[in-house]
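As a plain string of letters, each chain reads:
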Amino acid sequence: MARLSRLALDDAEVDTMRAEMSTILEHVDSIQALDLDDVPPTTHVIHVENVLRADEPGTSLPHDIALREAPRAADGGFSVGRIG
Amino acid sequence: MTGRPVDLTATAQVEALRAGEISALELVDAHLGRCEDDRWSSFLAVDAERARARAREIDAMDERPPLAGIPVGIKDALSTRDLVTTAGSRMLEGFRPVYTATCVRALEDAGAIVVGKTNMDEFAMGSSTENSAYGPTLNPWDTTRVPGGSSGGSAACVAARQVPWSLGSDTGGSIRQPAALCGIVGVKPTYGAVSRYGLIAFASSLDQVGPFARTVADAALMLSVIVGKDPHDSTSLEWPEPIAVPTAERLDGVRIGVVEELFGEGTEPGVRDAVRAALATAEGLGAELVPVTLPHAHHGLAAYYLIAPAECSANLARFDGIRYGHSAADAGDLLEHYERTRAEGFGPEVKRRIMLGTFALASGYYDAYYAQAQKVRTKIVQDFAAAFADVDLVASPTSPTVAFGLGERVADPLAMYLSDTCTIPISLAGLPSVSIPCGLSDGLPVGLQLAGPAFAENRVLSAAHALEQAIGFDTLPPGLDA
Amino acid sequence: MMTATAYEAVIGLEIHAQLRTRTKMFCACELSFGDEPNVHTCPVCLAHPGALPVTNAEAVRLAVIAGHALGCEIATHSTFHRKNYFYPDLPKAYQISQFDEPICGPGRFRFLTPDGEKELGITRAHLEEDAAKLIHVGGDGRRAGAEQSIVDFNRGGTPLLEIVTEPELSDPADASAFLRQLRLTLVQLGITDGNMEEGSLRCDANISIRPVGETTLGTKTELKNMNSFTFIERGITAEIARQTAIVAGGGAVTQETLHYDPTTGEIHSLRSKEEAHDYRYFPEPDLVALAPDPAWVADLKAGLPELPVDRRRRWVADLGLTDEDAEVLAETRELGDYFERVAAVAPPKSAANWVRGELRAQLREHDQEPWQSHVTPERLAEIIAMVEAREVSMPNAKAVLADVIADGGDPRAIVEAKGLGAMNDEGELEALVDKLIAENAAQVEQLRAGKDKVIGFFVGQAMKATQGRADPGRVGELLRQKVLG
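Chains as they are written, first to last, in our numbering: chain A, 1 to 84; chain B, 1 to 482; chain C, 1 to 485.
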């Protein structure tokens with residue numbers, strides 16, 4: 001899970017996290033027992049469809065503003081260092 | 001005008017300005033003094049210079065917008081252009097957004113003056129504001145206690161009269177619970193009422209922006225400005241009717257459903273008593289109390305702690321130290337860069353929820369966890385629909401407890417999560433609700449939560465106002481008048 | 001002696017087509033190619049905190065039209081999901097894509113091969129957003145060995161239609177033929193510009209092999225991002241050979257993602273550190289469902305022009321064109337439309353010859369297309385009619401065409417003004433032939449001796465003497481009559 005989440009955790013953190021997660025999972029496991037096979041899932045509480053945008057260009061950010069917050073800007077872009 | 005400007009409600013400040021009794025600059029200065037002398041750590045950033053400049057502009061205007069000159073605090077989860085926005089996280093230390101959230105812009109367009117950004121649990125994950133990377137906010141009623149969370153800073157700054165009102169965000173109770181713990185009014189609107197564009201996402205299907213104020217009328221006034229469809233937020237809604245500033249004094253014929261499940265185990269007796277007393281007051285105003293049952297409400301917490309982390313695990317994946325934010329120094333390869341950047345930038349609660357959410361969505365677990373939680377959500381929506389077939393509003397405590405001590409629940413995430421038992425079912429159903437202060441328990445404020453069907457903001461606010469008038473709660477924390 | 005097992009390949013394709021919209025899939029940044037890096041970005045496509053996507057209506061419209069062309073069912077309810085994975089070209093660390101409710105459901109698509117028309121099942125077609133571009137700096141410009149990589153978000157968020165086929169192909173040549181037909185169709189419908197070199201159209205192939213007669217599928221590999229028809233065919237062929245060699249040698253194919261290097265013809269694994277992917281798809285809470293209005297969907301279907309495959313078949317069957325003529329003329333929608341307009345007022349076969357032959361050859365020198373030139377279908381038809389009626393000789397007809405291309409004008413008027421009309425006065429023509437016989441005794445002898453080729457010499461002389469007005473056929477006939485009797 002830590003790898004999938006891209007979080008580096010040391011052994012102590014893993015232990016704490018494991019303990020806490022198991023407590024939480026124990027609690028959330030209570031819904032496993034419910035028989036909800038025929039119940040549709042709710043992904044949105046609003047009942048709206050087809051919210052679309054006209055294909056009209058808007059203003060993009062000035063180049064310097066787009067890069068302003070970049071920890072490492074290089075060659076007009078965002079450097080990611082060595083991918084490996 | 002008599003007394004201190006900071007004691008005026010926002011509505012009264014609007015009137016004082018309009019009547020020429022005070023200038024915008026004087027008003028802003030009065031508040032800035034309290035913001036800069038921030039004994040409660042409500043604020044992460046105060047932008048005095050810009051606030052004063054804006055006040056001068058407004059003072060020079062002939063035609064003034066409706067909220068001209070009224071100071072406002074903004075939760076640091078809301079993007080404010082060029083004004084550092086951290087969401088309470090190291091990950092965004094020093095981050096200056098390139099754009100302003102739609103709701104903040106609406107307030108600014110209406111003339112309100114942003115004085116600063118308020119403290120919060122990191123990425124809105126928490127119920128005490130102790131998860132802020134920049135230290136906790138203290139409760140103005142008792143500085144050894146938490147203000148609640150995650151919008152603890154926004155609640156404290158209003159309670160401490162640093163600003164008359166503020167914006168917060170509520171995912172599972174993050175407006176209502178701190179409002180309750182700080183003895184003020186907090187409104188979580190219907191999901192889709194207020195644009196989320198510029199709200200740093202925690203759980204997108206639950207997040208809603210809403211106001212904190214010291215009166216229901218003020219909260220309604222602010223809500224009336226920020227509500228409505230935003231072309232930048234696909235889930236924002238056309239609003240059927242304007243939000244009205246409530247004036248009702250009676251509750252004749254209003255059927256209030258009392259949610260028995262939400263007075264249950266874990267509710268402090270003092271809280272229960274104060275809420276029951278408030279309900280008796282409602283009865284005295286002509287309301288009819290009807291017991292209602294929400295059979296799946298007690299599963300809400302479990303469903304919430306699967307859905308919200310699942311969404312947050314994706315929402316927070318963008319913090320990768322490439323385009324903005326914290327970036328690990330001297331990382332070897334890309335994988336190490338990601339893992340170290342995120343390990344360094346996020347605090348423990350955020351990591352916990354990301355991991356939990358990643359788990360709930362993982363292949364092999366999705367159906368049993370995430371999908372099952374979404375089905376529970378359906379049952380809760382149905383429970384509320386059934387209840388509202390019979391009653392106009394439902395009522396419960398906002399929080400099972402009053403403000404708890406700093407550090408008391410930090411080591412026990414589940415105990416912390418239980419703070420939101422009463423607010424979460426309403427969030428899952430996307431319904432409008434308000435917390436109003438209804439009394440004290442051991443000298444600390446107790447919140448009453450009222451909720452209505454979707455779009456019934458006016459009904460909820462009207463009833464809250466009538467009750468508020470009858471209860472006559474004094475929002476001034478002891479020792480604060482100095 | 002052991003009999004060698006015969007294997008057959010099972011090929012399925014995934015095609016990514018960039019949609020020809022003006023703006024990105026979920027924000028209003030303009031699409032571009034070749035601009036300076038990061039000049040078309042905004043909080044949405046840079047995934048700034050708090051930014052939200054809003055779906056481009058035109059992308060949905062193009063997807064529905066594409067769905068109709070692919071013979072797909074169009075969904076009445078279609079949703080977006082988040083596909084989660086970390087990579088620097090994916091700023092949100094999830095791609096907004098579609099999962100269990102794609103905009104286009106199952107369909108079938110007909111394509112032409114040298115063996116005739118074939119059909120391939122379409123599993124689905126769905127909308128998604130493209131990743132940004134990574135520029136690798138240092139080393140040889142590839143990821144491996146680069147000192148650093150730079151992200152350019154101009155392309156990030158470009159609308160994509162991903163088309164997934166059924167695994168029904170076994171011949172790499174068919175895969176290539178299908179893609180050609182698909183590209184032609186999508187380009188003609190204005191859905192994509194189809195530029196494969198620029199990456200507007202990309203293809204992945206899922207490939208497995210199994211013994212002939214076997215019905216269960218073997219382990220498949222995914223051959224990524226091939227950007228030309230030739231490479232697709234070669235790449236798939238190479239991968240089938242590789243798998244066959246592995247299996248024939250008693251080994252087992254491993255499921256992996258592969259890259260075909262067209263310069264070396266080699267196939268190598270794309271991910272050095274192969275990690276288990278778990279995309280954790282879940283419904284995108286920031287977007288609401290698409291529910292295309294059935295009447296609108298039906299209108300788009302009704303408005304769909306004839307597909308290239310149908311056009312070609314009709315031209316061959318009804319107009320008597322050769323397959324080759326039909327293929328060339330169906331290359332672009334505009335050329336096909338132009339040809340149709342000529343064929344409506346001229347004999348189709350001649351129209352085809354003129355359009356794909358002389359007309360295009362002459363226009364190429366002016367860098368013009370027929371439909372943009374002075375040569376209206378009516379003018380070309382008039383030239384064809386004059387040639388067929390022998391009112392003008394072929395060389396003069398070409399000269400008239402050149403005049404029309406240069407200055408416009410009515411071909412018949414040009415013929416009259418310049419006196420280019422065929423010499424139809426039999427007496428005049430006879431006199432000319434007599435004169436040529438008298439002046440060229442040596443050539444007359446050769447003709448008598450059976451050297452037929454020499455007729456060409458006389459025709460040439462006749463054309464020269466008449467500025468091309470003589471009818472070459474008639475000159476030959478008269479010559480034969482007079483010399484050979």
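I should point out that these hints are in silico values taken from the structure, not numbers from a laboratory.
Just so it is clear, CB atoms sit at the ideal spot from N, CA and C, and this is done for glycine as well.
Among the clues, some could well be false.
[Said to hold, decoys possible] DEER-style ranges, computed between Cβ atoms: (1) B:GLU238 <-> C:VAL316: 12 to 22 Å; (2) A:ALA19 <-> C:GLU166: 20 to 30 Å; (3) C:GLY71 <-> B:SER363: 28 to 38 Å; (4) C:GLU166 <-> B:GLU260: 27 to 37 Å; (5) A:THR23 <-> C:TYR85: 23 to 33 Å; (6) C:GLU117 <-> B:GLU336: 29 to 39 Å; (7) A:THR23 <-> B:PRO231: 35 to 45 Å; (8) A:GLU56 <-> C:GLU117: 16 to 26 Å; (9) B:PRO65 <-> A:THR16: 16 to 26 Å; (10) A:ALA19 <-> B:GLU21: 37 to 47 Å; (11) C:ARG22 <-> B:GLY20: 46 to 56 Å; (12) C:THR254 <-> B:GLU238: 34 to 44 Å; (13) B:GLU336 <-> C:HIS259: 46 to 56 Å; (14) A:ILE65 <-> C:TYR85: 22 to 32 Å.
Review point. Which numbered conditions among the earlier hints are violated in the structure presented, ordered from lowest to highest?
Key: 1, 2, 4, 6, 8, 9, 10, 12 and 13
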